[in-house]
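Asks: Residue numbers (the working numbering), protein chains in the order written: chain L, 1 to 245; chain G, 1001 to 1447; chain Y, 2001 to 2478.
If you're looking for bench data, these hints aren't it; they were derived computationally from the structure.
Since this is a predicted model, take the numbers as computed values, not measurements.
Backbone N, C-alpha and C fix where the C-beta goes; we use that ideal spot for every residue, glycine too.
One or more hints might be untrue.
As the list claims (entries may be wrong) - Below, a sample of chain Y positions facing chain G; criterion: calculated Cβ distance under 8 Å:
#1 W2068
#2 N2072
#3 E2260
#4 A2399
#5 M2405
#6 E2410
#7 I2413
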Amino acid sequence: MLEIKNLHVSIDGKEILKGLSLTVKPGETHAIMGPNGSGKSTLASTIVGNPAFEVTSGSITFEGKNLLEKDPEERANEGIFLSFQYPVEIPGVSMVNFMRTAINEQRKYRKLPPMSASDFLRFMREKKALVDMDNKLTNRSVNEGFSGGEKKKNEIFQMAMLEPKLAILDETDSGLDIDALRIVANGVNKLKTPEKSTILITHYQRLLEYIVPDYVHVLHDGKIVKSGTKELALELETKGYDWLK
Amino acid sequence: MEKQYIELYKAHHQLIKQNSAAIINRSRDAAFAKFESMGFPSTKHENYRYTDLKPMFSLDYGLNFRRLNFPVNPYQTFQCDVPEIYSYQFFVVNDSFYPPKKKHNGSLPEGVIICGLKEASEKYPELVTQYYGKLTAPQNDALITFNEAFAQDGFFMYVPENVHMDKPVQLVNIMRSDVDLLANSRNLIIIEKGAKAQLLVCDHAMDDVNFVANRVSEVFVGENAVYENYKLENTHNKTANLSTVLIDQKESSDTLTNLITLNNGISRNNIEVEMNGEKCEAELCGMMVGGGQQQIDNHTTIKHNKPNCHSNELFKYVLDDVSKGAFTGRIFVEKDAQQTWAYQLNRNILLSKKAKVRTRPQLEIYADDVKCSHGATTGQIDEQALFYMRTRGISLPEARLLLMYAFAADVIENIRIPSLANRMKMLVEKRLRGELGMHEGCTLCMH
Amino acid sequence: MSDAIIHEVTQSEYKYGFTTDIETEVIPPGLNEDVVRLISTKKNEPEWMLEFRLKAFRQWQKMKMPDWTHLNIPEIDYQSISYYAAPQKKSISSLDEVDPEILATFEKLGIPLEEQKILSGIAVDAVMDSVSVKTTFKETLAEKGIIFCSFSEAVQEHPDLVKKFLGTVVPACDNFFAALNSAVFSDGSFVYIPKGVRCPMELSTYFRINTQNTGQFERTLIVADDESYVSYLEGCTAPQRDENQLHAAVVEIIAMKHAEVKYSTVQNWYPGDKEGNGGVYNFVTKRGICKGESSHISWTQVETGSAITWKYPSCILMGDNSTAEFYSVAVTNHFQQADTGTKMIHLGKNTSSRIISKGISAGLSQNSYRGLVKVGANAENARNFSQCDSMLLGDKCGAHTFPYMEINNESAIVEHEATTSKISEDQIFYCNQRGISTEDAIGLIVNGYAKEVMDKLPMEFAVEAQKLLQISLEGSVG
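Same shape as in the complex, but just chain L (with noise of 0.2 Å):
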């Protein structure tokens, strides 16, 4: 499904992917791991393309096709979704127009017609009881005056909205108390099914233990320097990283 090969990353002039590889198969759940300023959120961003991340050299392929040369938007709906670390506030765009949006750009990307207004808000009421998500939240602009948990539930909702085939998760976990952070897993493994893939990218081992991985990468200075499954990660949580540098 998601091929990475070789990958090299700068920003700014700065490499910070040093030839990473990673291969991720339908239905598999991989936890990229490290310390700070290992390079996780940079993989993310360039998966999904945020333009200010620089791809030097290497490949990433989805579903055999090469992203690299996808806009941001494409990507999306090839089916990659992320869940941003920090979610972006944007005022004056309600959350209701935000997904509503969205979806009918994905429609229009597969070639089907939009999706009726009564037929929308009920598909939205919907995911909004999967993910237990409050109706004052998607009554106000996105993500505008959300506390921390309800941003990272707001990106959790939207992920139910938009059903993608790749989900990835950047430290989805940070910031959020253990109730918040039970509610978000769960709203993650409700939505998973057989086919569909995630990419959960985490300090802590915390979070895996809601979200149980097949395969744990730990990165370290732009590499992956050690993989394994999710003993690896209960490892890492008693020796730290330290032993693998």
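Assemble the complex: chain L is given as a structure, and chains G and Y must be docked to it using the hints.
Replies: Showing chains G and Y alone in chain L's frame:
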């Protein structure tokens, strides 16, 4: 350049006077003398740094001193059949009040007078004498003196004490001519103590000639009165819309001025709100969309002359192509006007390399117990927000549009008539999509 | 707050208001071409310098005083002013030869002229009336190739440098006062920092108007060559006199590639008395150009003196990636008037500027911020942030803000914020309750309000400026 107008006046002042009313004629010569001595200001003049009047007045325009009727029937041209903007509708064609049809409007509330200024001067001389020229007299602005020298008619509205208008009043200004035309219309609006009124002004141009509309409005808002004034400009690129609105507020009155400019050649709004009683509220806002070679200059003054008044000003510009925007917001707090709150914000987005904006938010404060602030920003659409939207699959152009609508939203939210707010929102969105034509007649009514 | 307190504390006097009794050579009042020639002859100037002056003078005669300010400037009779005054003893080679009275004067002002005051680590050029009387630390600086001397000396010793840069930032006829200065300027300071040199100490000029009926027209020229750095301080005082004195200076700064110039001013000219008599008219043109790429100019000013101030230290950001700052505190009390601010002209790519202005008005004074941010059509990615706050102490003063923003490039981001406030009685009461006197509370609050700017001053100046701020405002409780 002013010479041609000076000569014109000298040659035709009798004709002008014969075709107007005595009260309007009274200050005419004095206004002309003032204009003759000052002429048009150059761009060296602080108030006209960003609008050059000279080129727009140097064409050879027709002026309709004889009050000839132009062949147009606005009631046929502008069928207003949108029930949600149900209003009392009136037309001014160039600078002449167009006789209204009774059946079209139903009857106005008891005591309310709406008619042409010339007619009002003849029928209600005491009323007009009491107010006409009172706000323009202390002014030294060339556009005002020019208007006062040449104006013969315009719009008159009187809402007596404690009368609340049940529907908004809609004034449609239509420019209609086969030759280049200069029109000086003069409006007088009196909202007495405790009265409430809403006025919606739509400016349109029908013919493909050069128009200059130099309109001056005096507005008197009595104690505890509420006056809302909405203006939509949607003309064409050969129209220069010069509008001066002077508002006098008495104690505890509340005014709202909301301007929306979509298509036009040159727009110059001179707005002055004077709070001459305590506890007044004034809101002044505008959404300006500029494209092509449009020039938009809002020159606003809010005078806090008495204590405990609040004002709030918000102007937003979206400028594309080679359009130019200018904003001057002067807040003046008089010596004893303690407990003043005055807020002002001007935000601009430039969409093209050649678009330009000039902004001057100014505070002049002579009292110490005040809360005043102003802010001005010029920038682009938020890149981070754009990227976020793109990761949700929204295309770049669509994301830009969404953010521009959002940018315009708070000006539109200030419109207190919900159906009008919806319509304005739709129009602004259409304009931002580049789908709003300039010759669609009364855009508020036709769609 | 009661008037009693206001009255009590506004009694604080201008402490620099003494005169010094020294022999001075003064030319008779009046201004014509002969006077311009006389000044040039007295200074033994080369022909090109005289030409520069005459050209400016001829233009000046055709010019008018600016009338767009928010100032009420009384008619100035330019023929009643003497355009040249100098302490008699000239050409001083060592400190011993300086008139002891002058030394005493600068001592009184707290200006270290003696080399033993090495600890203060500042090189000083002291200008009394029209003439530079002593420059310290010259030799130390010379070792690094730094030139720091009086302007007259620079004209004699480094004519090529002066000729190359004089009038390139502020053209001789830039404005009425700059033209006047260009015609009759008598002295000032000249600084040249060679390539790659970081000036090891603060350079400082101290200006003092002493003689009656004289105008002071000094000229400062600072050139920082590639990759150099200098921090420059300017201070000024004048005696207390009933009539007004005219000060029309010009400062030019040129920053080449990667150079950095910090210019700090503590302006404390005599502001006039409580009734508004006397005081200095301070009409100054200061401008810097970030000529080379990645150059940086920073203006910091604390303006507490002068009856009337007309001053807009500006920057032309010509080099790509250049940056500029303007930090200002302007205090007006009694009948003082100030119209001050800055201009930031963005021409190069990726340039950024920052403006922080804090105005404080008290008494019957008028305090205006006037500023221009202009982004040229080719100035891609220009950034500006401006914040202009006003504080009113009392209900008889005025605080005004007149920013102009002219944006001709769509990639610019320009932000302006301004607020007006007063010290609330609650704040004062809170301090009182904690045992702080009202006077001290105001000092605390005002210093807090101005902190962002004060922090930009070099240490040596900051303490003095803080005291000054407190003194100028004492008792002006709102």
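Asks: Are the hints correct? Go through all of them and say.
Replies: Hint check:
no.: 1; hint: W2068; verdict: 7 Å, holds
no.: 2; hint: N2072; verdict: 14 Å, violated
no.: 3; hint: E2260; verdict: 28 Å, violated
no.: 4; hint: A2399; verdict: 5 Å, holds
no.: 5; hint: M2405; verdict: 5 Å, holds
no.: 6; hint: E2410; verdict: 4 Å, holds
no.: 7; hint: I2413; verdict: 4 Å, holds
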